[in-house]
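Chains A and B are the protein sequences, given in the same order.
Here the first sequence stands for residues 2 to 813, where the numbers follow the working numbering.
Here the second sequence stands for residues 4 to 116, where the numbers follow the working numbering.
It is possible that part of the hints are untrue.
To be verified - The calculated DSS-like cross-link candidates involving lysine-lysine, where the alpha carbons are at most 27 angstroms apart (straight line), are:
hint: 1; chain 1: A; residue 1: K561; chain 2: A; residue 2: K590
hint: 2; chain 1: A; residue 1: K452; chain 2: B; residue 2: K25
hint: 3; chain 1: A; residue 1: K439; chain 2: B; residue 2: K25
hint: 4; chain 1: A; residue 1: K56; chain 2: A; residue 2: K345
hint: 5; chain 1: A; residue 1: K483; chain 2: A; residue 2: K439
hint: 6; chain 1: A; residue 1: K810; chain 2: B; residue 2: K63
hint: 7; chain 1: A; residue 1: K187; chain 2: A; residue 2: K439
hint: 8; chain 1: B; residue 1: K51; chain 2: A; residue 2: K561
Stated by the list, open to error - Derived coverage of chain A by chain B (criterion: at least 3 residues anywhere in the stretch with Cβ under 8 angstroms from a Cβ of chain B; other residues may be distant):
hint: 9; stretch: 109-117
hint: 10; stretch: 218-232
hint: 11; stretch: 365-378
Simulated from the structure, these hints should not be mistaken for lab results.
All of these numbers come straight from a predicted model, not from anything done at the bench.
Ideal Cβ placement from N, Cα and C applies to all residues, glycine included.
Single-letter residue listing:
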Amino acid sequence: MKEKLVLIGNGMAGVRTLEELLKIAPDKYDITVFGAEPFGNYNRILLSPVLSGEKTLDDIMLNDLQWYQDNNITLHAGKWVTDINRARRTVSAEDGTVETYDRLLLSTGSSPFIIPVPGNHFEGVISFRDIHDVNAMLEASKTHKRAVVIGGGLLGLEAANGLMLQGMDVTVVHLMDTLMERQLDKPAAALLKQALEGRGLNFLMEAQTEAILGKERVSGIRFKDGLEIPADLIVMAVGIRPNTALAEKTGLYCERGVVVNDTMQTYDPRIYAIGECVQHREITYGLVAPLFEMAKVCANHLAHLGYSRYEGSVISTKLKVTGIDLFSAGDFHGDETTEDVVVKDAARGIYKKLVLKDNRIHGAVLYGDTIDGSWYFQLMRDGTNVSDFRDQLLFGQGHLGDSGHSGKNAASAMTDDMEVCGCNGVCKGDVVNAITQKGLFTLDDVRTHTKASSSCGSCTGLVEQILMSTLGNDYSEAPAKKPLCKCTDYSHEEVRRVIREQHLISIPDVMAYMEWGNADGCHVCRPALNYYLISTWPGEVEDDYQSRFINERVHANIQKDGTYSVIPRMWGGLTNPSELRAIADVADKFAIPTVKVTGGQRIDLLGVKKEDLPGVWKDLNKAGMVSGHAYGKSLRTVKTCVGSEWCRFGTQASMGMGIQLEKITWGSWTPHKFKMAVSGCPRNCAEATIKDFGVVAVDSGWELHVGGNGGVKVRATDLLCKVKTEQEVTEYCAAFLQLYREEGHYLERTAPWIERVGLSYIKKQVVEDKNNRKALHERFLKSQQYAQQDPWAERVDKGVDKHEFTPLKEGG
Amino acid sequence: MSNWLEIGNIEDIPKLGARVVKTVEGDVAVFRTANDEIFALRDQCPHKKGPLSQGIVHGKRVTCPMHNWVIELADGQAVAPDEGCAGVYKIMLEEGRILLSLKKNITEMRELP
Numbered sequence: 002m003k004e005k006l007v008l009i010g011n012g013m014a015g016v017r018t019l020e021e022l023l024k025i026a027p028d029k030y031d032i033t034v035f036g037a038e039p040f041g042n043y044n045r046i047l048l049s050p051v052l053s054g055e056k057t058l059d060d061i062m063l064n065d066l067q068w069y070q071d072n073n074i075t076l077h078a079g080k081w082v083t084d085i086n087r088a089r090r091t092v093s094a095e096d097g098t099v100e101t102y103d104r105l106l107l108s109t110g111s112s113p114f115i116i117p118v119p120g121n122h123f124e125g126v127i128s129f130r131d132i133h134d135v136n137a138m139l140e141a142s143k144t145h146k147r148a149v150v151i152g153g154g155l156l157g158l159e160a161a162n163g164l165m166l167q168g169m170d171v172t173v174v175h176l177m178d179t180l181m182e183r184q185l186d187k188p189a190a191a192l193l194k195q196a197l198e199g200r201g202l203n204f205l206m207e208a209q210t211e212a213i214l215g216k217e218r219v220s221g222i223r224f225k226d227g228l229e230i231p232a233d234l235i236v237m238a239v240g241i242r243p244n245t246a247l248a249e250k251t252g253l254y255c256e257r258g259v260v261v262n263d264t265m266q267t268y269d270p271r272i273y274a275i276g277e278c279v280q281h282r283e284i285t286y287g288l289v290a291p292l293f294e295m296a297k298v299c300a301n302h303l304a305h306l307g308y309s310r311y312e313g314s315v316i317s318t319k320l321k322v323t324g325i326d327l328f329s330a331g332d333f334h335g336d337e338t339t340e341d342v343v344v345k346d347a348a349r350g351i352y353k354k355l356v357l358k359d360n361r362i363h364g365a366v367l368y369g370d371t372i373d374g375s376w377y378f379q380l381m382r383d384g385t386n387v388s389d390f391r392d393q394l395l396f397g398q399g400h401l402g403d404s405g406h407s408g409k410n411a412a413s414a415m416t417d418d419m420e421v422c423g424c425n426g427v428c429k430g431d432v433v434n435a436i437t438q439k440g441l442f443t444l445d446d447v448r449t450h451t452k453a454s455s456s457c458g459s460c461t462g463l464v465e466q467i468l469m470s471t472l473g474n475d476y477s478e479a480p481a482k483k484p485l486c487k488c489t490d491y492s493h494e495e496v497r498r499v500i501r502e503q504h505l506i507s508i509p510d511v512m513a514y515m516e517w518g519n520a521d522g523c524h525v526c527r528p529a530l531n532y533y534l535i536s537t538w539p540g541e542v543e544d545d546y547q548s549r550f551i552n553e554r555v556h557a558n559i560q561k562d563g564t565y566s567v568i569p570r571m572w573g574g575l576t577n578p579s580e581l582r583a584i585a586d587v588a589d590k591f592a593i594p595t596v597k598v599t600g601g602q603r604i605d606l607l608g609v610k611k612e613d614l615p616g617v618w619k620d621l622n623k624a625g626m627v628s629g630h631a632y633g634k635s636l637r638t639v640k641t642c643v644g645s646e647w648c649r650f651g652t653q654a655s656m657g658m659g660i661q662l663e664k665i666t667w668g669s670w671t672p673h674k675f676k677m678a679v680s681g682c683p684r685n686c687a688e689a690t691i692k693d694f695g696v697v698a699v700d701s702g703w704e705l706h707v708g709g710n711g712g713v714k715v716r717a718t719d720l721l722c723k724v725k726t727e728q729e730v731t732e733y734c735a736a737f738l739q740l741y742r743e744e745g746h747y748l749e750r751t752a753p754w755i756e757r758v759g760l761s762y763i764k765k766q767v768v769e770d771k772n773n774r775k776a777l778h779e780r781f782l783k784s785q786q787y788a789q790q791d792p793w794a795e796r797v798d799k800g801v802d803k804h805e806f807t808p809l810k811e812g813g
Numbered sequence: 004m005s006n007w008l009e010i011g012n013i014e015d016i017p018k019l020g021a022r023v024v025k026t027v028e029g030d031v032a033v034f035r036t037a038n039d040e041i042f043a044l045r046d047q048c049p050h051k052k053g054p055l056s057q058g059i060v061h062g063k064r065v066t067c068p069m070h071n072w073v074i075e076l077a078d079g080q081a082v083a084p085d086e087g088c089a090g091v092y093k094i095m096l097e098e099g100r101i102l103l104s105l106k107k108n109i110t111e112m113r114e115l116p
């Protein structure tokens with residue numbers, strides 16, 4: 002016999018819990034749902050677009066009646082639950098329906114607060130809460146002209162904007178002297194008010210309602226100071242109250258909301274509560290993002306897994322009014338222990354304020370330019386020390402030369418047909434449609450459905466902005482802790498730590514020990530696990546070729562037509578006539594269609610058939626060349642300028658230095674590709690300051706630069722330190738590389754890695770702590786003993802992976 | 004029934020790997036899972052024709068090496084939200100020998116040339 006689970010409240014929080022539960026324990030319960038409204042579950046976040054006429058109810062349904070059928074859920078739609086009998090474990094509804102339960106989930110939501118003034122019952126006085134309210138507003142807008150919205154908070158302004166778009170004259174009445182005082186400071190609120198006035202909204206500030214005037218239908222409103230204004234419609238948007246009546250009636254402990262613990266259980270452990278009706282650790286929530294976090298935890302506990310806990314949510318705010326970008330989070334007022342960092346440019350309509358305490362972000366208000374909102378929010382939730390980049394902080398995470406989205410950084414200014422994602426050709430309209438029609442809430446959702454920002458990622462900020470402006474306040478940021486992939490809940494760090502501490506040496510070991518969700522993982526986790534294993538236990542772990550991406554499996558770079566490209570190593574970018582002759586001969590012999598010089602000073606042979614690879618390698622090997630690893634998450638190239646050997650400006654022998662570095666580091670596997678360069682003087686012809694490790698010669702020695710990137714996000718290097726001798730250059734280089742190998746996340750370049758851990762941390766590990774540097778250097782050399790085998794020669798001479806290069810059968 | 008073609012032995016394909024059979028109809032990718040199940044698909048991703056035989060095999064799925072579409076080995080269908088189908092061929096194991104049928108007798112094959 003299955004246990005019986007009854008859900009009271011057919012809204013977003015409750016149904017989300019069921020969805021999460023069905024994902025992890027589909028057959029555990031017989032599920033019954035009571036809902037007061039006569040339809041399935043709709044996306045209440047999108048009521049504003051319904052009001053402004055951009056959407057219909059059908060557009061915003063999340064779970065239609067079919068969904069309940071498909072999942073064998075009994076839905077009592079339109080039935081109001083009146084009693085819970087905890088002794089008999091039954092739930093009864095108004096119409097006499099009785100259901101028994103083994104576990105009960107309360108998701109009764111909240112109700113709008115109606116101001117206790119005379120006349121608040123007149124026809125035409127409504128709240129902004131559900132689809133009925135929206136319908137009432139739409140009706141009113143057709144036959145009436147003048148609307149008053151009481152409440153200049155988030156919801157009030159969204160309602161006012163919607164009514165205005167429906168053609169009404171709208172006045173917003175607010176008790177305080179600034180709008181959205183819980184989310185904005187005064188300068189930002191002033192800009193907002195100015196912008197909304199510019200669109201035609203009227204405001205009455207510091208106005209306290211005394212009475213609503215009218216007979217049956219509302220005709221006006223009077224304030225404490227005696228002012229009266231006419232009104233045909235009054236919308237009260239002054240706050241919400243958790244619906245606790247049913248819980249209180251059955252004797253469950255309630256304060257402002259139904260009190261729950263970290264596993265979302267009430268004082269009766271068979272009864273869970275979730276959503277806007279609950280009070281958790283003294284706090285009640287009215288936004289979707291925290292509700293979804295609760296849903297995950299609750300489902301986990303209902304499934305008897307019981308390892309996750311809800312520990313409260315940090316909230317950020319955005320306004321869902323088209324064309325107005327606004328973001329706030331945390332304590333943005335600050336006090337005597339905090340410092341403000343502020344930019345204000347009234348002409349451009351931009352205001353940004355960050356509140357810092359001990360070099361950590363405590364709060365933020367952004368107006369007009371919110372592209373970095375989610376970045377600040379992440380830094381705030383992670384408690385990141387920002388001292389390393391404090392001088393750049395207000396300019397945002399964007400980098401000089403970001404490419405791929407035509408320099409756009411304000412999604413609200415874009416039209417639907419403008420391209421957001423230059424890699425996958427996704428327009429703004431595509432993203433908006435996917436969000437609203439498929440009910441998406443997170444960046445990951447959008448990535449899977451539309452592919453926007455899933456390739457190079459340069460448009461991530463734009464996509465997040467579109468999510469924010471479409472979902473407004475209810476956009477759910479990615480959780481602070483990111484699981485390695487969908488097969489596990491553990492993060493990269495946790496997986497690495499366990500591999501190290503438990504001395505795990507194979508992928509099946511890791512998966513068994515960490516209870517992987519899928520038997521042999523997926524294309525995301527397997528390559529990562531393989532890298533973590535071989536980099537943690539060099540010489541001990543056997544490389545798992547089936548867990549490598551094709552390029553690393555066949556040591557060449559797959560091209561769009563399924564052929565491969567071959568790049569032989571040219572140490573420091575130097576070559577000679579006999580190598581060039583060999584390359585020319587190979588190109589002739591195998592009819593290689595394209596020969597090209599790469600950005601890393603190598604020669605690329607493109608269009609090689611897979612079966613020909615061993616033959617090509619054999620000839621190149623014969624001429625003394627080895628694999629250039631141009632296909633791997635590995636040391637790629639060391640680019641050099643000619644330096645003091647030829648150049649009249651050169652201060653040091655950069656070619657020789659480059660060759661040395663490449664001889665030491667070639668063959669090493671790294672979290673992502675790793676590029677180096679050595680320039681012979683500060684003119685920097687080798688472009689060393691956009692490499693992962695760049696060396697710039699000066700007259701008195703060498704400057705060492707780290708964390709540069711010339712790709713999607715151009716990022717100039719940070720100066721690590723200056724050293725005197727070539728021997729020091731190689732030691733620091735190896736130590737830096739090893740630190741990255743040991744601590745970078747798989748597929749994380751050095752640039753984001755350094756931004757994540759901070760330059761001072763890296764300086765401490767590599768520069769300041771001499772013993773640590775020596776130890777890192779030592780460990781790097783040890784791992785190189787196992788890594789520096791030419792993969793081409795292994796395949797040509799020893800027949801490694803022969804099956805890769807021949808078909809199973811031909812003909813047939 | 005007579006069109007079964009012997010293409011090799013199960014040991015010729017690495018676990019969680021694939022090999023290619025070159026046929027007059029084009030390349031066929033033959034996959035072997037961790038549990039020694041065998042599947043055959045047309046070696047072209049429904050997205051941009053990437054060679055599925057070069058992908059990473061996990062469970063009963065393969066990830067295309069070109070743009071990470073995930074394809075079900077059993078029916079060739081792309082995993083949602085992506086949509087598309089690589090053709091499926093009948094394949095069976097007989098005492099370790101792999102037999103492939105190239106006859107286009109499976110519905111998914113109809114739309115293929």
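Consistency of the hints with the structure:
A hinted pair counts as satisfied when its Cα atoms are at most 27 angstroms apart, and K561 (chain A) with K590 (chain A) qualifies at roughly 23 angstroms. Restraint check for K452 (chain A) and K25 (chain B): not satisfied, since their Cα atoms lie roughly 33 angstroms apart, outside the 27 angstroms limit. Distance check on the hinted pair: K439 (chain A) and K25 (chain B) sit about 41 angstroms apart at the alpha-carbon level, beyond 27 angstroms; violated. Our distance criterion of 27 angstroms between C-alpha atoms is broken by K56 (chain A) and K345 (chain A), whose separation comes to about 36 angstroms.
In summary, the hint linking K483 (chain A) to K439 (chain A) is supported, as the alpha carbons are separated by about 23 angstroms, within the 27 angstroms threshold. Taken as a hint, the K810 (chain A) and K63 (chain B) pair is honoured in the structure, with Cα atoms around 23 angstroms apart against an allowance of 27 angstroms. The suggested pairing of K187 (chain A) with K439 (chain A) is violated, with an alpha-carbon distance near 37 angstroms, which exceeds 27 angstroms. Distance restraint check for K51 (chain B) and K561 (chain A): the Cα-Cα separation of roughly 8 angstroms lies within the 27 angstroms cut-off, and the hinted pair is therefore satisfied.
For the stretch 109-117 of chain A, the assignment as covered by chain B is violated, since 0 residues bring a beta-carbon within under 8 angstroms of that chain's beta-carbons and 3 are needed. Coverage of the stretch 218-232 of chain A by chain B is violated. Counting CB-CB distances below 8 angstroms, 0 residues qualify, and the rule asks for three or more. Counting residues of the stretch 365-378 of chain A whose C-beta sits closer than 8 angstroms to any C-beta of chain B gives 0, which falls short of three, so the coverage hint is violated.
Checked against the numbered hints above, the structure violates hints 2, 3, 4, 7, 9, 10 and 11; every other hint is satisfied.
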